Amino acid sequence: MMNTEFFIENFKEKYKSDILEINVRNQKRIIITITPDSIINIAAFLYTQEGFRFIIASALHTKKGFEIHYHFSKDSTGLILNIHVILDNDNPQIESLSNIFNASNWIEREMHELFGINFLNHPNQEKLISEGNWAEGVYPLRKEFK
Amino acid sequence: MSKKTIIPIGPYHPLQEEPELFRLFCDGEIVKDIKFETGYNHRGIEKLSESKTYEQVFFLVERICGICSSSHPFAFANAVEEIADIQITNRTKYIRSIIGELERIHSHLLWVGLAGHFLGYNTVFMWAWKYREPVLDLFEMISGNRNSYAMFKVGGVRRDIEENKIPVIQKILDDVKKKTDLLTGAVMDDPVIHARTKGVGILTKQDIIDYGAVGPTARASGVAIDVRKDDPYAAYPLVNWKIITAEEGDVFAKAQVRLLEMYESISIIEQCLSGLKKEKEGDISLKVKEIPEGIGNGRAEAPRGEVFHFVQSDGSNSPARHKIRAPSYVNIATFKKSCIGQTIADATISLAAVDPCYCCTERMAVAYDINSGERIMNAYDLINESLKKTDMIRRTINSK
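Taken in sequence, the protein lines are chains D and E.
Just so we're aligned: the first sequence equals residues 1417 to 1562 in this note's numbering.
Just so we're aligned: the second sequence equals residues 54 to 453 in this note's numbering.
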């Protein structure tokens, strides 16, 4: 699995200032926490140069704020790379990836609808699931922390 | 902008019998644009999952979809076992793979039947569904259920496949193989089916990569991805098989990939059955005390493509967050590429070619007040909303 190690070294070198934490659980599961501003560069790099496939993104609402795990898969090695960002609790927003690949179009709409995360420059950020029948400003998957 | 005719397919699909709504924007015979509306099947499963224990979630995710009802528990088990770092026994691996592959056979037969039905080829429909029946009987014998098998749990499976059942399974597989030969011959050599499916609904390699499409949809366009090979789980690394691909990317290629995959599935099951004989009977489950804090990415290759489950555990007995990505979620989005520029008559089969599963695509939503935690809408409110809307539409129509 030289490939994975080589990739991490290369990635560290390239995005030194954007990486907050790297957690290598094993050769097939890596979680990299990055600064939200760098997501668009990193996603473009992974997709166009490294041949990663965008699986899906999972949004979470935790005490830290809103978190998104962008799951990328490198099918030739079986690696799942989670690009993890933490967003501000009061004004969650991040650059949309849908201008790089279409795969993220629906899930960003869904996250916007269910968590109220704003995706900047999304081509069409309308509701996906509850089109037109849902109260504005009510986000079903948000949590309340004491 | 020129005038376009809108042709709706839905809100209830007349052939697939599932709720969805496609609006085809047509100029004459040609589809110029497509809009997909969804949400009719939304059941709040991701949210519900947070209120269930790990044992209960299996029964919940099994009900996401009736056809891939082992793929979701499979991916969920992989995710949870990754968090807790559980190594399952070989016997469990074999049993899980047998269930997964039997499901692939019955699902592909179901699709071939439906595709025939879509093309007005009801003989294929009747045949395929008739041959699918013995596979469901096998499920009943193994798990007690024809569907929703309740076989999976963290660290193992719930029921064993005993020695005396193996010859029965083998016999039914032999039958299915013969029938598949028959069906493959009938479908692949038929000039009418060629005319209707070749060159229709083409997805290029670039489309697949752009939309992140998976499963037979991707493999029929020459993208050889399969979780069973790429990120092996259960017994797949222990047996010999190959990924079936085609280059054309049209409906015919997708049918071809699915039909040929059934032979691979039969071969995998046969190898698993002989592997099963070498393992000690009853060694199917490990004792799992608790799931530690952490996150897990689990995936499994469903008949329609990669199922992805992301589980975040906070150390309690239920998931803190459970994200589910079914294969149809990414595959349905490719309609924008496959249908535009086709005639209306070809649109239905192009839509059907990815084997869309609407109930997989949609999952959550119950409204709670953020401050009080009270449920804002209950069933009666929803019914009232629905009545109001119908009333409103009726009045608008009458006033015209």
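By construction, these hints were calculated from the structure, which means they are not laboratory data.
It cannot be assumed that every hint is accurate.
[To be verified] As a list, the in silico SDA-like pairs of lysine to any residue whose alpha-carbon atoms are at most 20 Å apart:
#1 1479/D <-> 371/E
#2 258/E <-> 1466/D
#3 1543/D <-> 97/E
#4 1543/D <-> 98/E
#5 295/E <-> 1492/D
#6 88/E <-> 1538/D
#7 295/E <-> 263/E
#8 1480/D <-> 88/E
#9 88/E <-> 1514/D
#10 57/E <-> 89/E
#11 258/E <-> 1467/D
#12 100/E <-> 1457/D
#13 206/E <-> 345/E
#14 258/E <-> 1465/D
The structure displayed is predicted, hence computed values, not measured ones.
Cross-check of the supplied hints:
Note on residue 1479/D and residue 371/E: the hinted pairing holds, with a Cα-Cα distance of about 18 Å set against a maximum of 20 Å. Taking the CA atoms of residue 258/E and residue 1466/D, the gap is near 17 Å; set against the 20 Å cutoff, the hint holds. Using a Cα cut-off of 20 Å, the hinted pair residue 1543/D and residue 97/E holds, with the two alpha carbons roughly 16 Å apart. For the given pair, residue 1543/D sits about 18 Å from residue 98/E by alpha-carbon distance, which is consistent with the 20 Å threshold.
Our distance criterion of 20 Å between C-alpha atoms is met by residue 295/E and residue 1492/D, whose separation comes to about 15 Å. Between residue 88/E and residue 1538/D the CA atoms are separated by roughly 17 Å; this keeps the pair inside 20 Å, and the hint holds. Between the alpha carbons of residue 295/E and residue 263/E the distance comes to roughly 25 Å, so the proposed pair goes past 20 Å and is violated. Distance check on the hinted pair: residue 1480/D and residue 88/E sit about 37 Å apart at the alpha-carbon level, beyond 20 Å; violated.
Annotation: proposed proximity of residue 88/E to residue 1514/D holds, straight-line Cα distance about 17 Å (limit 20 Å). With a CA separation close to 17 Å, the supplied pair residue 57/E and residue 89/E stays within the 20 Å bound. The suggested pairing of residue 258/E with residue 1467/D holds, with an alpha-carbon distance near 13 Å, which does not exceed 20 Å. Simply put, residue 100/E and residue 1457/D have alpha-carbon atoms about 32 Å apart, too far for the 20 Å limit, and the pair is violated.
Of the pairs offered as hints, the one joining residue 206/E and residue 345/E holds, with about 17 Å between alpha carbons and a cut-off of 20 Å not exceeded. Distance restraint check for residue 258/E and residue 1465/D: the Cα-Cα separation of roughly 17 Å lies within the 20 Å cut-off, and the hinted pair is therefore satisfied.
The structure is inconsistent with the numbered hints 7, 8, 12, although it conforms to all the rest.
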